[in-house]
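Number of protein chains: 2
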Amino acid sequence: MDEFDLINSITPRTIHHSSVDVGIGDDAALYTAKNGVQEIVCVDTMVEDVHFKLSYSSPEDIGYKALAINISDIAAMGGIPKFYLVSLAVPLKWTESEIKAMYEGMNELAKLYCMDLIGGDTVSTSDKLVVTVTVIGEVEKGRACLRSLAKPNDIVFVTGEIGSSAAGLSLLLKESSHPETSFETNYFINRHKRPQPRVSVGRLCSNAQRVALNDISDGLASELHEIAESSSVSIEIDESLLPVHPDLPKLNSKWKEWALFGGEDFELTGTISKEDWDVLEQECCRLQLPIKKIGCVREKTESNVILKTEEETMTLEKKGYNHFK
Amino acid sequence: MDEFDLINSITPRTIHHSSVDVGIGDDAALYTAKNGVQEIVCVDTMVEDVHFKLSYSSPEDIGYKALAINISDIAAMGGIPKFYLVSLAVPLKWTESEIKAMYEGMNELAKLYCMDLIGGDTVSTSDKLVVTVTVIGEVEKGRACLRSLAKPNDIVFVTGEIGSSAAGLSLLLKESSHPETSFETNYFINRHKRPQPRVSVGRLCSNAQRVALNDISDGLASELHEIAESSSVSIEIDESLLPVHPDLPKLNSKWKEWALFGGEDFELTGTISKEDWDVLEQECCRLQLPIKKIGCVREKTESNVILKTEEETMTLEKKGYNHFK
Numbered sequence: 001m002d003e004f005d006l007i008n009s010i011t012p013r014t015i016h017h018s019s020v021d022v023g024i025g026d027d028a029a030l031y032t033a034k035n036g037v038q039e040i041v042c043v044d045t046m047v048e049d050v051h052f053k054l055s056y057s058s059p060e061d062i063g064y065k066a067l068a069i070n071i072s073d074i075a076a077m078g079g080i081p082k083f084y085l086v087s088l089a090v091p092l093k094w095t096e097s098e099i100k101a102m103y104e105g106m107n108e109l110a111k112l113y114c115m116d117l118i119g120g121d122t123v124s125t126s127d128k129l130v131v132t133v134t135v136i137g138e139v140e141k142g143r144a145c146l147r148s149l150a151k152p153n154d155i156v157f158v159t160g161e162i163g164s165s166a167a168g169l170s171l172l173l174k175e176s177s178h179p180e181t182s183f184e185t186n187y188f189i190n191r192h193k194r195p196q197p198r199v200s201v202g203r204l205c206s207n208a209q210r211v212a213l214n215d216i217s218d219g220l221a222s223e224l225h226e227i228a229e230s231s232s233v234s235i236e237i238d239e240s241l242l243p244v245h246p247d248l249p250k251l252n253s254k255w256k257e258w259a260l261f262g263g264e265d266f267e268l269t270g271t272i273s274k275e276d277w278d279v280l281e282q283e284c285c286r287l288q289l290p291i292k293k294i295g296c297v298r299e300k301t302e303s304n305v306i307l308k309t310e311e312e313t314m315t316l317e318k319k320g321y322n323h324f325k
Numbered sequence: 001m002d003e004f005d006l007i008n009s010i011t012p013r014t015i016h017h018s019s020v021d022v023g024i025g026d027d028a029a030l031y032t033a034k035n036g037v038q039e040i041v042c043v044d045t046m047v048e049d050v051h052f053k054l055s056y057s058s059p060e061d062i063g064y065k066a067l068a069i070n071i072s073d074i075a076a077m078g079g080i081p082k083f084y085l086v087s088l089a090v091p092l093k094w095t096e097s098e099i100k101a102m103y104e105g106m107n108e109l110a111k112l113y114c115m116d117l118i119g120g121d122t123v124s125t126s127d128k129l130v131v132t133v134t135v136i137g138e139v140e141k142g143r144a145c146l147r148s149l150a151k152p153n154d155i156v157f158v159t160g161e162i163g164s165s166a167a168g169l170s171l172l173l174k175e176s177s178h179p180e181t182s183f184e185t186n187y188f189i190n191r192h193k194r195p196q197p198r199v200s201v202g203r204l205c206s207n208a209q210r211v212a213l214n215d216i217s218d219g220l221a222s223e224l225h226e227i228a229e230s231s232s233v234s235i236e237i238d239e240s241l242l243p244v245h246p247d248l249p250k251l252n253s254k255w256k257e258w259a260l261f262g263g264e265d266f267e268l269t270g271t272i273s274k275e276d277w278d279v280l281e282q283e284c285c286r287l288q289l290p291i292k293k294i295g296c297v298r299e300k301t302e303s304n305v306i307l308k309t310e311e312e313t314m315t316l317e318k319k320g321y322n323h324f325k
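Note that the protein sequences, when read in sequence, are chains D and H.
Heads up: the first sequence begins at 1 in full-length UniProt numbering, then just goes up one per residue.
Heads up: the second sequence begins at 1 in full-length UniProt numbering, then just goes up one per residue.
The shape of chain D in the complex, shown without the other chains (with noise of 0.2 Å):
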């Protein structure tokens, strides 16, 4: 493969931002930030039988996922994604043609969010694939939902469902099946394969006077933690309120830890004062966005994060889930 080709074939015909000055092509990508913005970056890193198996993933998989976990950290600070680059160690073995749905993946992602691909890097590796993607974006400025925000009294929330995405990984490694049709099996397996980042929600946060927020890479539980730990306060969350898909249950009794502990939804989670929940809800509910109350925010305890069962009232721990154990 020839790394200019490549680089040639991957260049945007069209770019959506007028801020971008210089996209790929030079040393580096030049963009002029607005007025009133605070700029938002993150980078993150996918690898080959670490977080995908190339047995159930195809190149424009990967590369969807790839950037939809990033874009989902920029709607976790309540922001709008703008750019994004690349950087791929691939193994000798891919084609180019792989490379570029790989690509095609990302592009199928960006375009909905009128995202500009402005630079990255391709080098060749002996072993197993590795993609790297960084987004910038943007929030208006004193908007960002940051983990530190929570207070006690707040209503803790969390967007779609949960859980699916471990239920998803679940089958495709075939621990689990599902006892009815295929419809509801592809349904978890994309859940998990395809995320949808909550741009959308993250937005209508960033409006609401000060929201707590995070997104669940990591599990429920872990996340909360994060905020927990962030905003020196305790969680408390109600088992019975958590969102999952009716089919959760039938697929495996584990469904709760996935629930709990599965990571991977990139739904948000966070928190809001009582008056502001309201306007969130209905604004939700309007843009037809699922968001749910499942807890409260109380005065820091010994426990960072509580659930209540119908039974029990017991601490959760911030661990996470290791898919690949």
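None of these hints come from the bench; they were simulated from the model.
If you're wondering where the values come from, they're calculated on a predicted model, not measured in any experiment.
Among the clues, some could well be false.
A pair holds if it fits inside one copy or across any two, identical chains being indistinguishable in the list.
Here are the simulated DSS-like pairs of lysine-lysine, each with C-alpha atoms no more than 27 Å apart in a straight line [as the list claims (entries may be wrong)]:
no., residue 1, residue 2
1, Lys128, Lys53
2, Lys151, Lys141
3, Lys53, Lys93
4, Lys256, Lys319
5, Lys93, Lys128
6, Lys100, Lys318
7, Lys53, Lys111
8, Lys319, Lys93
9, Lys318, Lys293
10, Lys100, Lys319
11, Lys93, Lys318
12, Lys151, Lys292
13, Lys141, Lys34
14, Lys111, Lys100
15, Lys128, Lys100
16, Lys293, Lys151
Since chain D is already given, all that's left is putting chain H on it; use the hints.
Frame of chain D; chain H shown alone:
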């Protein structure tokens, strides 16, 4: 290794730029861009056994170089490096102290430029170390040194000396040996392992009316090709003017190949009008920054880059030098 402990240990205790609003510790970093500047962003990946070998590079060396090559891209735009983000795919056998040492190598260089580490990601891999660094910088609006700015009759220049990095690698791989002292051996090896980005010269170039600029990552010939192509000109250089270390010819008969195609020198090469050249040369002289005229820009011909030697005039191909072949 616990990811949370690691993040804690690498999080900087002080921040140089007050424009950093949120550094490490949330979903993404937040900063405020200055008025009147353009943001510069670039990303580069280094892979074990492709770009370095653990047999001769310490974790500190690897970290240092991974940051240096990105700072060099900012220098090649005439910019000031400000922030960096680090994404690591780390083999399971690496210890936490080795990972920290890699960050220390980066920090050594970052301190020189008052750069802030504002984010990143560390994941495990079963195989080779992959280090991806994203650097963000800035340049005064309209002052970036782009590849497309060369014009006929410009002076072509290069900083420092070229071929020394390839020489260092050759010494490391024991393909060459230095006939005399180990001082020179170490010098060449350091040129390979710890390149010095030319930020100061880049800044002087950004003061000039118009400078086309590239950093030498793929070799002088390749970089000049890029400028010639982007600017639709031809570039003629004079072999006798190429700045090489006086000991280079002693090391290996390939020394001219190293100078033209070796790459990884991370010097700057560019073109500037005759009038502005005198000023740039004087300013560099005053600051003891080595810079040398090596040729001139011509109207576009069939050959993008032409080398004049005592015997002949030849076309230089856009080839790189594959070090590990």
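Hint by hint, here is what the structure shows:
no., hint, in the structure
1, Lys128 - Lys53, "both (10 Å within a copy, 17 Å between copies)"
2, Lys151 - Lys141, "within (21 Å within a copy, 42 Å between copies)"
3, Lys53 - Lys93, "both (16 Å within a copy, 21 Å between copies)"
4, Lys256 - Lys319, "within (14 Å within a copy, 57 Å between copies)"
5, Lys93 - Lys128, "both (10 Å within a copy, 16 Å between copies)"
6, Lys100 - Lys318, "between (38 Å within a copy, 23 Å between copies)"
7, Lys53 - Lys111, "within (26 Å within a copy, 39 Å between copies)"
8, Lys319 - Lys93, "between (36 Å within a copy, 22 Å between copies)"
9, Lys318 - Lys293, "within (21 Å within a copy, 60 Å between copies)"
10, Lys100 - Lys319, "between (37 Å within a copy, 23 Å between copies)"
11, Lys93 - Lys318, "between (39 Å within a copy, 24 Å between copies)"
12, Lys151 - Lys292, "within (18 Å within a copy, 61 Å between copies)"
13, Lys141 - Lys34, "both (10 Å within a copy, 13 Å between copies)"
14, Lys111 - Lys100, "within (16 Å within a copy, 38 Å between copies)"
15, Lys128 - Lys100, "both (17 Å within a copy, 23 Å between copies)"
16, Lys293 - Lys151, "within (16 Å within a copy, 63 Å between copies)"
The structure shown violates none of the earlier numbered hints.
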